[in-house]
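Engineer: Chain L is fixed; fit chain H onto it per the hints.
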Amino acid sequence: MCDFSGRLIAWLDRELPADEAALVERHLQVCLECQTRLLAYQQVSRTFDAYCDAEIASEKRPSLPRWIPAMSATAAAAVAVAALFLMFPRGLIVRPQVNSPTAHSSRATDPREGAAHAVVALETPPSAVRRVEQLDRRNAAAPVPRRSAGAARAPVHEVGALPARPAIEITIPSDAMFPPGAVPEGVSFVAEVILGADGSAERLRLQPQFVTGERRATRP
Amino acid sequence: MSGETLPLRLPLLRFGTREGEATALYRELRKPLVRYLRCLGLSSDEAQDVVQDAFVSLQRHLAAGGSQENIRSWLYRVAHNQARNRQTSYDRRFSAPLGEVDRMSDEATPERVVLEKERFRRLGEAIQLLSERERECLLLRGGGLRYREIGEVLGIPISTVGDTVERAIKKLAEQCNV
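Residue numbers (numbering that gives the first Met the number 0), protein chains in the order written: chain L, 0 to 219; chain H, 0 to 177.
Chain L on its own, in the form it takes in the complex (with noise of 0.2 Å):
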């Protein structure tokens, strides 16, 4: 067996030192065994990957749940995008990140809304669609976003406290709560949240609004 064939793997997971990684690839060029190697344990690596995937697909979906009116079962497949912006300390505000920003302004600065009101907009985006040919190992790596030099100089006393702007931006992927497809374009949540004594969000009450003919005129 060829001495590089130990190093094929950590090789392909880019777990090398740059010298080391430029001595297999130069090997490379010239070993058909460890380019067949190569290939067997870059081919396993992905359909053990695939398979995973597959097992988690093939579980039966959740139902949904009995207030989501029926829809088309022709809406679009999809992820959807929800964010919440919840304000401190004046309860949580309405913003929805997908419909007219108009829309929900008089809503968003009410004051009267302290009783913890938040948006949840849903859209499609096209990445929605899952495709297996994505599953590559090393396109997956994705580095961790780390805060900056200057992000770590910022005063302690920060954390925890009560920012007077929106303080969180949540989202929730509508997948996470829905079967991809269950919600059609054009409808947005609002969530009425119930905080807990801690100030952690204990329970989430949506109701569907529908956007009608109404609030597309509105549009210039």
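Pairwise CB distance ranges (calculated):
#  : chain 1 : residue 1 : chain 2 : residue 2 : range
1  : L       : R25       : H       : R83       : 34 to 44 Å
2  : L       : C1        : H       : R59       : 47 to 57 Å
3  : H       : V112      : L       : Q34       : 24 to 34 Å
4  : H       : L128      : L       : R13       : 19 to 29 Å
5  : H       : G65       : L       : A21       : 33 to 43 Å
6  : H       : I157      : L       : R25       : 20 to 30 Å
7  : H       : A63       : L       : E19       : 32 to 42 Å
8  : H       : N80       : L       : V29       : 45 to 55 Å
9  : H       : R166      : L       : Q28       : 24 to 34 Å
10 : L       : D197      : H       : R120      : 46 to 56 Å
11 : H       : K30       : L       : V29       : 39 to 49 Å
12 : L       : R13       : H       : R85       : 27 to 37 Å
Simulated from the structure, these hints should not be mistaken for laboratory data.
Where is the CB? At the ideal position from N, CA and C, for every residue including glycine.
Structural biologist: Okay, now just chain H, sitting in the frame of chain L:
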């Protein structure tokens, strides 16, 4: 509207005013974490719960002045340990061979489906031969974690991770004969 509510707990990520980073972290890591937990054998609901809990723990960790280094492996480790604690049938995920493969190919030709089914069948058998540790390493690797991070999640040295991944991949490749 009836009084039904979703039992959805939201992690309130209050990292000072750096809400953008917190949101980006949640957006980036929620899905891979859920995927990892589900591959370990948790149900969809359990996995969502564990991930929410992990982010709540992260919030507390950071609020208490905890380290901001290696947040990704920190989250995976917390989720991993919680999963192990609540898990009753750890190997359920890989205990049954996969039935339905067709759905996963968008442009599946009949030949491709047959080929894929055969490949999956062999892989399913080969996975049974892996140790728990080997599976965990491959799952974390599939989630895009570096060997260093996998070591942090599982509490093993990085060299052990490299050896384990290599052994596992070689086992699978040998069995699948690909």
